[in-house]
Amino acid sequence: GENVEQHPSTLSVQEGDSAVIKCTYSDSASNYFPWYKQELGKGPQLIIDIRSNVGEKKDQRIAVTLNKTAKHFSLHITETQPEDSAVYFCAARIRGSTLGRLYFGRGTQLTVWP
Amino acid sequence: NAGVTQTPKFRVLKTGQSMTLLCAQDMNHEYMYWYRQDPGMGLRLIHYSVGEGTTAKGEVPDGYNVSRLKKQNFLLGLESAAPSQTSVYFCASSRGGPGQSRTDTQYFGPGTRLTVL
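Protein chains in written order, with my numbering: chain X, 53 to 166; chain V, 233 to 349.
Rather than coming from a laboratory, the hints here were simulated on the basis of the structure.
Cβ atoms here follow ideal geometry from the backbone N, Cα and C, with glycine treated the same way.
Misleading hints may appear alongside valid ones.
[Said to hold, decoys possible] For the chain V half of the interface with chain X, some residues (derived, Cβ under 8 Å), not all of them:
{"id": "1", "residue": "GLY272"}
{"id": "2", "residue": "MET273"}
{"id": "3", "residue": "LEU275"}
{"id": "4", "residue": "THR318"}
{"id": "5", "residue": "PHE322"}
{"id": "6", "residue": "GLN338"}
{"id": "7", "residue": "PHE340"}
{"id": "8", "residue": "GLY341"}
[What the hints assert, rightly or not] Derived lysine to aspartate or glutamate pairs resembling DMTMM-like cross-links, with alpha carbons at most 25 Å apart:
{"id": "9", "chain 1": "V", "residue 1": "LYS289", "chain 2": "X", "residue 2": "ASP111"}
{"id": "10", "chain 1": "X", "residue 1": "LYS74", "chain 2": "X", "residue 2": "ASP136"}
{"id": "11", "chain 1": "X", "residue 1": "LYS94", "chain 2": "V", "residue 2": "ASP258"}
{"id": "12", "chain 1": "X", "residue 1": "LYS123", "chain 2": "V", "residue 2": "GLU291"}
{"id": "13", "chain 1": "V", "residue 1": "LYS289", "chain 2": "X", "residue 2": "GLU57"}
{"id": "14", "chain 1": "V", "residue 1": "LYS241", "chain 2": "X", "residue 2": "GLU91"}
{"id": "15", "chain 1": "X", "residue 1": "LYS89", "chain 2": "V", "residue 2": "GLU262"}
{"id": "16", "chain 1": "X", "residue 1": "LYS109", "chain 2": "V", "residue 2": "ASP270"}
{"id": "17", "chain 1": "X", "residue 1": "LYS74", "chain 2": "V", "residue 2": "GLU291"}
{"id": "18", "chain 1": "X", "residue 1": "LYS120", "chain 2": "X", "residue 2": "GLU108"}
{"id": "19", "chain 1": "X", "residue 1": "LYS94", "chain 2": "V", "residue 2": "GLU262"}
{"id": "20", "chain 1": "X", "residue 1": "LYS89", "chain 2": "V", "residue 2": "GLU291"}
{"id": "21", "chain 1": "V", "residue 1": "LYS246", "chain 2": "V", "residue 2": "ASP270"}
{"id": "22", "chain 1": "V", "residue 1": "LYS241", "chain 2": "V", "residue 2": "ASP258"}
{"id": "23", "chain 1": "X", "residue 1": "LYS74", "chain 2": "V", "residue 2": "GLU311"}
{"id": "24", "chain 1": "X", "residue 1": "LYS94", "chain 2": "V", "residue 2": "GLU291"}
{"id": "25", "chain 1": "X", "residue 1": "LYS123", "chain 2": "X", "residue 2": "GLU67"}
{"id": "26", "chain 1": "X", "residue 1": "LYS89", "chain 2": "V", "residue 2": "ASP270"}
{"id": "27", "chain 1": "X", "residue 1": "LYS89", "chain 2": "V", "residue 2": "ASP258"}
{"id": "28", "chain 1": "V", "residue 1": "LYS241", "chain 2": "V", "residue 2": "GLU311"}
{"id": "29", "chain 1": "V", "residue 1": "LYS289", "chain 2": "X", "residue 2": "GLU131"}
{"id": "30", "chain 1": "X", "residue 1": "LYS109", "chain 2": "X", "residue 2": "GLU131"}
{"id": "31", "chain 1": "V", "residue 1": "LYS302", "chain 2": "V", "residue 2": "GLU284"}
{"id": "32", "chain 1": "X", "residue 1": "LYS120", "chain 2": "X", "residue 2": "GLU54"}
{"id": "33", "chain 1": "V", "residue 1": "LYS303", "chain 2": "V", "residue 2": "GLU284"}
{"id": "34", "chain 1": "X", "residue 1": "LYS74", "chain 2": "X", "residue 2": "GLU91"}
{"id": "35", "chain 1": "V", "residue 1": "LYS241", "chain 2": "X", "residue 2": "GLU135"}
Given these sequences and hints, build the entire structure.
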């Protein structure tokens, strides 16, 4: 199966700075890479995703980049705000999977200090 | 449109007791999933369902059973709870699966925090 590694496990930034979270995956057949944000006491919520036919995707202050050759993808948050504080999970899905199963990284606790 | 809901939100069990966690979705999704979340372990798939009346094992199925009698509901059962099953349980659903392009986004419920003493 797929193995997704996520780094760092914790990240602290000053409000207004940028934050970058990186993930690597093992199966070159993976073709879908979502990012989830989990606030305290809540379920994960999809914030952005990217498919293997594109290298970068942006949505306001959030962007995701994908390097298929190196098998890694990254989440970039610019102009961070205290409300960005949460746990972020990356995930990968293998092309052709009969389930559409997602393999998750272990999460990054992001703290944005005012 | 409530999305994905889970009941109960919290539960404390004694070792050996049984219980059922209920997941409901009102988005007419075909696929449903049960995950457990433990500190430092991310989300691990317990069981899943690709449609009404069908279920299958995920990554960590031992000690759990599931049923999908209605399309909108997915039940997770613990027949004889053990302390190792202390965790936060999340249900998720998606419209379809792979090869269906934009329909594979998974939507998560708010979770059930279970403690087994």
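What are the numbers of the hints the structure violates, in ascending order?
Going through the list in order, the structure violates hints 4, 9, 16, 23, 25 and 29 and respects the others.
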